[in-house]
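Trainee: This is what each chain is made of:
There are 2 protein chains.
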Amino acid sequence: MIFVDACLKKQTKYTPVWMMRQAGRYLPEYMRVRAEAGDFLSLCKDYKRASEVTIQPVDILGVDAAILFSDILVVPLEMGMGLKFLKGEGPVFDEPIKTQDDLDKLDANKAVKNLNYVYDTIKLTRENLANDKALIGFLGAPWTLATYMIEGQGSKNYAICKKMLYSNPELLHKILDNVTKACIGYAKMQIRSGVNAIQIFDSWAAALEESAFFEFSWSYILRIVDEIKREFADFPVIVFPKGISGYLPKISGNFDVFGVDWSTPIELAKAHLADKYVLQGNMEPTRLYSQSAIDEGIDKILSVMQGQNHIFNLGHGILPDIPVQNAKYFIKQVQERSARG
Amino acid sequence: MIFVDACLKKQTKYTPVWMMRQAGRYLPEYMRVRAEAGDFLSLCKDYKRASEVTIQPVDILGVDAAILFSDILVVPLEMGMGLKFLKGEGPVFDEPIKTQDDLDKLDANKAVKNLNYVYDTIKLTRENLANDKALIGFLGAPWTLATYMIEGQGSKNYAICKKMLYSNPELLHKILDNVTKACIGYAKMQIRSGVNAIQIFDSWAAALEESAFFEFSWSYILRIVDEIKREFADFPVIVFPKGISGYLPKISGNFDVFGVDWSTPIELAKAHLADKYVLQGNMEPTRLYSQSAIDEGIDKILSVMQGQNHIFNLGHGILPDIPVQNAKYFIKQVQERSARG
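Just so you know, the protein sequences line up as chains C and V, in that order.
Oh and the first sequence: position 39 is 38 in numbering that gives the first Met the number 0, straight run, nothing missing.
Oh and the second sequence: position 5 is 4 in numbering that gives the first Met the number 0, straight run, nothing missing.
Among the hints, a few may not be true.
[To be verified] Subject to a maximum C-alpha distance of 35 Å in a straight line, what follows is the list of computed DSBU-like cross-link-like pairs (lysine-lysine):
{"no.": "1", "chain 1": "V", "residue 1": "K155", "chain 2": "C", "residue 2": "K249"}
{"no.": "2", "chain 1": "V", "residue 1": "K331", "chain 2": "C", "residue 2": "K228"}
{"no.": "3", "chain 1": "C", "residue 1": "K162", "chain 2": "V", "residue 2": "K86"}
{"no.": "4", "chain 1": "C", "residue 1": "K155", "chain 2": "V", "residue 2": "K269"}
{"no.": "5", "chain 1": "V", "residue 1": "K299", "chain 2": "V", "residue 2": "K327"}
{"no.": "6", "chain 1": "V", "residue 1": "K327", "chain 2": "C", "residue 2": "K97"}
{"no.": "7", "chain 1": "C", "residue 1": "K269", "chain 2": "V", "residue 2": "K9"}
{"no.": "8", "chain 1": "C", "residue 1": "K275", "chain 2": "V", "residue 2": "K155"}
{"no.": "9", "chain 1": "V", "residue 1": "K12", "chain 2": "V", "residue 2": "K228"}
{"no.": "10", "chain 1": "C", "residue 1": "K299", "chain 2": "V", "residue 2": "K83"}
{"no.": "11", "chain 1": "C", "residue 1": "K86", "chain 2": "V", "residue 2": "K155"}
{"no.": "12", "chain 1": "V", "residue 1": "K86", "chain 2": "V", "residue 2": "K275"}
{"no.": "13", "chain 1": "C", "residue 1": "K162", "chain 2": "V", "residue 2": "K83"}
{"no.": "14", "chain 1": "V", "residue 1": "K327", "chain 2": "C", "residue 2": "K269"}
{"no.": "15", "chain 1": "C", "residue 1": "K327", "chain 2": "V", "residue 2": "K162"}
Don't read these hints as lab results, they were simulated from the structure.
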């Protein structure tokens, strides 16, 4: 698989490419299956339909890897937290964690067992996916999951989390520790079920100043990476802490691939990380509105990375109003423009 | 004035300090005056009340500088764009700019004249403010203003702006050019009216990838800086492009002070900029929830900057639910802990 080869720094014929949120709302085929499933969470739990939308972008766009269709919040959901996705408001937890007692009601081991619909999605997808296409599993970083579990929903300033961080850091660490246990078990079960790589999304990394990021987020990500590597030494692990270009000088760990968001200049990421890690990214997602902007963005990133230790991707998820023909054009252009004799 | 001295790299007895949004909702005294004025825009246009809330934080907290109470969007408003502030939704322009014709209806010169209520606020404030306290004027960077003028309101992905940027960059440049003319005239009039320094807020700088930032935002900021400096050579100019720590290696210009947001490690800003510029910032605003977090944050930043070319501030605006006693504590602790023999 060209994608896995690139994760492991092997030479590839071209730079493999996929897109975050490639199984998503810009695809009419996805919208049809989602409507059949009823709502977003029902689609996550319906392993046949989840597998179908996982494979769609491979068939339609020709990406080099599929990414499991699911949501990062299934982990706290299956730890025992009631979760709804409200139209226009996003995810809402019925009872956010405020105290140790609230935390004690949650069960990390139960979550790892209850997530069997995800493992079923993985098994079915791996059966139906072409042999040369990788299947990427994923999970949310403990910090990002904890922001939802504590705030109860998405947040602008993370005020409740920050009050806990500064006034009761012990409780925040206990929450993160418990979520991390669930994440480790969940990641290992995804691997045993057949994913070929796994990505840890720290979507709200940038909610933390540098010292807090390393204490409350990065340390838990590294614990997950180390636990995966202890059991699956050569298994490719991708980390994607978003919006922390200022913290790159201090980034290191046992992972293989570092996801570069679009606000981090690729030259900067290369300077800090490319001697040890494969870089994944980082095209500005709104370039997909225009084919000439796609060409320019691809050429710039390819000229910096020179086919070395690089996986192409957008620097954030594909937007819902991108024309499908532009998404196709993007994938094809990356594969053609990066082709090596 | 200790604040102006610090802007101009003169030695000061302690590190001067103020807070972005210090005339704001966390202050009961501000809420009272705002209620009297009726609504936010009416308060901006009522020079007596605007002056009153400008001075409040100096009296209540003992900050070393007042910042003009106003809003960045008064510039497009007075260029001729209908503007409302809707509860819970923020600013909304009646007719966003879509075409050259829309742009042709706007008048930069008229804006500079019509903003006389701001100049009146400045004159009255400068009369009533203690001689040792600076008054900071401000304006929005052209790119940040243009995002509102084009999207019609705040935006998550800036999709309309990005479509214009990639498909019709000429029109975007024309809009920015026109706004920049208004900004230059407005800045000069603020200076003539009596402000002691001026800050250019590029709140949405991080909406742009690196190359687009330098082309569509930073170049216009530098034009404003240069025009100010041509007429007022020693007048302190502060720039605050938010969220661009990845672009710091390429930042330079004729400004005096660089505002460091809290997501940029102060060591990183120091390494890139402190040989040429005064740094302003950069404490994490949620530290103000806790006095021990305040102490820790102050000590860390002071230990890096060592009293050299530094103005203390938060790395973003003060949040509405910060207790006033913590804001007071913050200001006092900065002034005491940074005091030099």
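Trainee: Against each hint, give a clear statement of whether it holds in the structure.
Mentor: Against the structure, the hints:
{"no.": "1", "hint": "K155(V) to K249(C)", "result": "29 Å, holds"}
{"no.": "2", "hint": "K331(V) to K228(C)", "result": "49 Å, violated"}
{"no.": "3", "hint": "K162(C) to K86(V)", "result": "26 Å, holds"}
{"no.": "4", "hint": "K155(C) to K269(V)", "result": "28 Å, holds"}
{"no.": "5", "hint": "K299(V) to K327(V)", "result": "19 Å, holds"}
{"no.": "6", "hint": "K327(V) to K97(C)", "result": "28 Å, holds"}
{"no.": "7", "hint": "K269(C) to K9(V)", "result": "39 Å, violated"}
{"no.": "8", "hint": "K275(C) to K155(V)", "result": "34 Å, holds"}
{"no.": "9", "hint": "K12(V) to K228(V)", "result": "27 Å, holds"}
{"no.": "10", "hint": "K299(C) to K83(V)", "result": "41 Å, violated"}
{"no.": "11", "hint": "K86(C) to K155(V)", "result": "17 Å, holds"}
{"no.": "12", "hint": "K86(V) to K275(V)", "result": "42 Å, violated"}
{"no.": "13", "hint": "K162(C) to K83(V)", "result": "33 Å, holds"}
{"no.": "14", "hint": "K327(V) to K269(C)", "result": "44 Å, violated"}
{"no.": "15", "hint": "K327(C) to K162(V)", "result": "18 Å, holds"}
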